[in-house]
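Protein chains in written order, with this note's numbering: chain C, 1 to 336; chain P, 1 to 336.
Since the hints were derived computationally from the structure, they do not count as laboratory data. A portion of the hints provided could be inaccurate.
Where chains are identical, the list cannot tell them apart; a pair therefore holds if satisfied intra-copy or between any two copies.
Pairs of lysine to aspartate or glutamate residues, derived as DMTMM-like cross-links and limited to a Cα-Cα distance of at most 25 Å, are as follows [as the list claims (entries may be wrong)]:
{"id": "1", "residue 1": "286", "residue 2": "20"}
{"id": "2", "residue 1": "158", "residue 2": "99"}
{"id": "3", "residue 1": "286", "residue 2": "188"}
{"id": "4", "residue 1": "272", "residue 2": "63"}
{"id": "5", "residue 1": "158", "residue 2": "240"}
{"id": "6", "residue 1": "158", "residue 2": "43"}
{"id": "7", "residue 1": "158", "residue 2": "269"}
{"id": "8", "residue 1": "286", "residue 2": "75"}
{"id": "9", "residue 1": "70", "residue 2": "134"}
{"id": "10", "residue 1": "229", "residue 2": "162"}
{"id": "11", "residue 1": "272", "residue 2": "73"}
{"id": "12", "residue 1": "82", "residue 2": "192"}
{"id": "13", "residue 1": "229", "residue 2": "134"}
{"id": "14", "residue 1": "82", "residue 2": "114"}
{"id": "15", "residue 1": "286", "residue 2": "73"}
{"id": "16", "residue 1": "82", "residue 2": "63"}
{"id": "17", "residue 1": "82", "residue 2": "25"}
{"id": "18", "residue 1": "286", "residue 2": "238"}
There are 2 protein chains.
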Amino acid sequence: MTPSERFPGAPAQLPVTTREHLTSETTRTVLRIQSRLLTATREFLYGLGFVELLPPIMGPVTDPGTRGSKQVDVDFYGHRYKLMTSAILYKQASLLAFDKIFYIAPNVRLEPTETAVTHRHLAEFHQIDVEIGDGKRADAMRVAEDLVSFVVDSIVRKMPAELELLGRDRDAFAELLRGPFGTMKHADAVADLLGLGHPQNPDAEIDWRGEEILSAKASRPFFVVDYPKGSRGFYDREDEAHPGRLTNFDLLAPEGYGELASGSEREFDYAKLVTRMRETGENPAKYGWYLDLARDGIPASAGFGMGVERLTRYVTGRSAVWQASAFPKLPGVRSP
Amino acid sequence: MTPSERFPGAPAQLPVTTREHLTSETTRTVLRIQSRLLTATREFLYGLGFVELLPPIMGPVTDPGTRGSKQVDVDFYGHRYKLMTSAILYKQASLLAFDKIFYIAPNVRLEPTETAVTHRHLAEFHQIDVEIGDGKRADAMRVAEDLVSFVVDSIVRKMPAELELLGRDRDAFAELLRGPFGTMKHADAVADLLGLGHPQNPDAEIDWRGEEILSAKASRPFFVVDYPKGSRGFYDREDEAHPGRLTNFDLLAPEGYGELASGSEREFDYAKLVTRMRETGENPAKYGWYLDLARDGIPASAGFGMGVERLTRYVTGRSAVWQASAFPKLPGVRSP
């Protein structure tokens with residue numbers, strides 16, 4: 001069953017006014033669950049010793065590796081700054097202060113306007129942004145898996161009436177709560193998709209449609225690992241034992257909800273960062289403050305960014321991600 | 001004792017590199033206290049039944065009443081949007097969903113570059129943004145007072161070692177924790193300042209220097225109320241019993257730390273909003289979505305925005321507000 005079959009009535013655009021959206025019992029319930037989701041996130045990460053910091057919303061440079069979306073320029077006293085597309089550069093820098101950090105970070109990505117109808121993109125959204133000093137990929141995957149399990153368990157136990165009001169069957173989470181998430185290599189995901197007749201490029205990120213196809217076949221969240229070099233940003237570390245392969249991962253939800261999180265072990269070596277920037281078409285001269293820090297040493301790390309609205313959508317069983325935001329901004333759609 | 005006497009060694013600009021800032025034990029301690037401050041804020045507001053929502057970071061229009069700072073334009077698919085200078089318009093709208101809401105909201109205000117040396121301005125900062133449906137000014141003042149008391153009490157009890165490391169004497173909070181905050185009318189604040197030789201305009205907001213002078217004389221936080229119409233944004237409600245006077249307030253810290261929060265009872269009547277916009281030089285046509293909502297009815301309310309970095313600065317006893325941010329952006333200063 002494909003996602004568009006699952007959500008046949010899914011709206012093509014934000015279908016309601018701000019008043020209808022905010023006064024709907026559905027919206028209220030989704031936002032209450034989202035608030036609980038973030039409370040549980042903090043409870044879990046504080047319990048592991050993570051320190052929460054407030055992230056910047058703009059800077060001289062930001063994450064370039066965001067799958068074809070455009071960055072937003074702002075004029076900061078005559079300097080061209082960018083709104084954050086992700087907090088990755090600041091997460092690595094923050095490890096100079098603390099071994100384990102996280103942000104609840106706002107991001108802006110101008111996705112192509114045609115994605116306004118795909119149910120899965122907001123132009124403005126938030127991420128649970130986690131970074132673990134001296135961490136390996138396995139550490140980041142473990143934290144991501146345990147975080148999702150903790151959050152879902154918390155909501156299933158504490159908000160049964162809210163899930164029922166939304167028509168979200170608690171049994172949907174039985175597999176998730178029963179055991180570990182699976183892991184699939186990127187190459188195997190590509191083979192699966194080609195076998196299903198989906199034309200997935202083996203040298204690229206799994207495309208959105210491909211992610212939804214894989215997701216729709218699953219009954220619990222699962223990881224895709226070992227993306228090919230060239231498919232991700234310069235900060236995803238290359239596997240020294242397998243050149244051309246990145247020590248990274250995506251976490252996909254089941255039931256066709258698609259991607260929840262992206263993460264990796266990070267590159268932190270100055271020379272390799274410069275090389276990877278050049279390989280990915282980035283001009284190192286733009287990355288002044290970040291490369292200055294890296295030249296004098298930043299910690300090795302691993303981490304991930306998990307979409308707050310996407311996780312909310314999955315937990316609450318909504319057809320579109322805009323339903324998980326009080327003031328959703330769909331690509332190209334003028335709204336508050 | 002004036003603030004510049006209190007902080008004779010206060011730096012004229014961000015004096016350290018990002019590495020020095022993030023690896024300093026002082027910065028680490030301040031950021032740990034800030035994290036505790038936000039945890040206590042959530043504990044307190046959740047306990048009162050407030051729902052936390054994620055705020056937008058940009059929109060077609062934002063708060064115009066921000067004391068001479070400039071707004072930042074962004075191009076949102078060909079539409080000219082603004083980064084949020086405050087969340088006020090969205091707070092009023094959010095009351096359509098819940099009776100009591102709050103955000104931890106990022107804001108950007110391009111303050112004049114000369115404020116980079118005044119210790120009290122960041123171009124990017126966060127506010128604890130609270131709004132109470134059907135609330136009166138007294139309700140908002142009570143929540144602000146109780147919130148500050150709760151947060152300070154929590155930090156004094158749970159982080160004594162951190163305060164000691166910073167050289168912040170716990171006795172500084174004895175008066176605050178002992179009893180209610182005082183209240184002073186704007187007209188009396190003006191008279192005080194004129195008596196002290198400070199040329200305060202009686203028809204205007206208390207200027208920054210004036211706030212610091214009043215603040216330096218105090219031993220616990222205090223409110224200034226009843227600002228004259230014309231000194232604040234269109235959303236501060238006019239006192240029906242005293243035309244020309246606003247039902248609003250500022251909360252000032254003691255010891256010269258200056259303003260912590262601004263709040264008011266809100267205007268919500270469509271016709272009065274349009275009139276007040278015109279009186280304050282704003283073009284109502286710019287406020288489409290907001291006025292559309294107001295025409296069909298938004299709740300009466302009162303609320304406030306409290307600066308996270310300013311509250312952190314006060315609690316931790318720092319000489320400058322930039323010391324309360326991991327990646328501070330000073331007006332006009334190029335930095336990460």
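Hints and how they fare:
1. 286 with 20: For residue 286 and residue 20, only the inter-copy Cα distance (22 Å) is at most 25 Å; the intra-copy one is 44 Å.
2. 158 with 99: between (32 Å within a copy, 22 Å between copies)
3. 286 with 188: Classified as neither; 36 Å inside a copy, 53 Å across copies.
4. 272 with 63: Within one copy only: 17 Å inside, 44 Å across.
5. 158 with 240: Neither. Shortest intra-copy (45 Å) and inter-copy (45 Å) distances fail the 25 Å Cα cut-off.
6. 158 with 43: both (14 Å within a copy, 17 Å between copies)
7. 158 with 269: Neither, since 45 Å and 39 Å both go past 25 Å.
8. 286 with 75: The answer is both: 16 Å in one copy and 21 Å across copies each meet 25 Å.
9. 70 with 134: neither (31 Å within a copy, 41 Å between copies)
10. 229 with 162: neither (43 Å within a copy, 45 Å between copies)
11. 272 with 73: neither (28 Å within a copy, 36 Å between copies)
12. 82 with 192: For residue 82 and residue 192, the Cα distance exceeds 25 Å both inside one copy (38 Å) and across copies (45 Å).
13. 229 with 134: Within. Shortest intra-copy distance 22 Å satisfies the 25 Å Cα cut-off; inter-copy 56 Å does not.
14. 82 with 114: Both ways: residue 82 and residue 114 sit 23 Å apart in one copy and 24 Å across, limit 25 Å.
15. 286 with 73: both (14 Å within a copy, 22 Å between copies)
16. 82 with 63: both (10 Å within a copy, 22 Å between copies)
17. 82 with 25: Neither: 36 Å inside a chain and 30 Å across chains, both beyond 25 Å.
18. 286 with 238: Within one copy only: 22 Å inside, 49 Å across.
In summary, the numbered hints that this structure violates are 3, 5, 7, 9, 10, 11, 12, 17.
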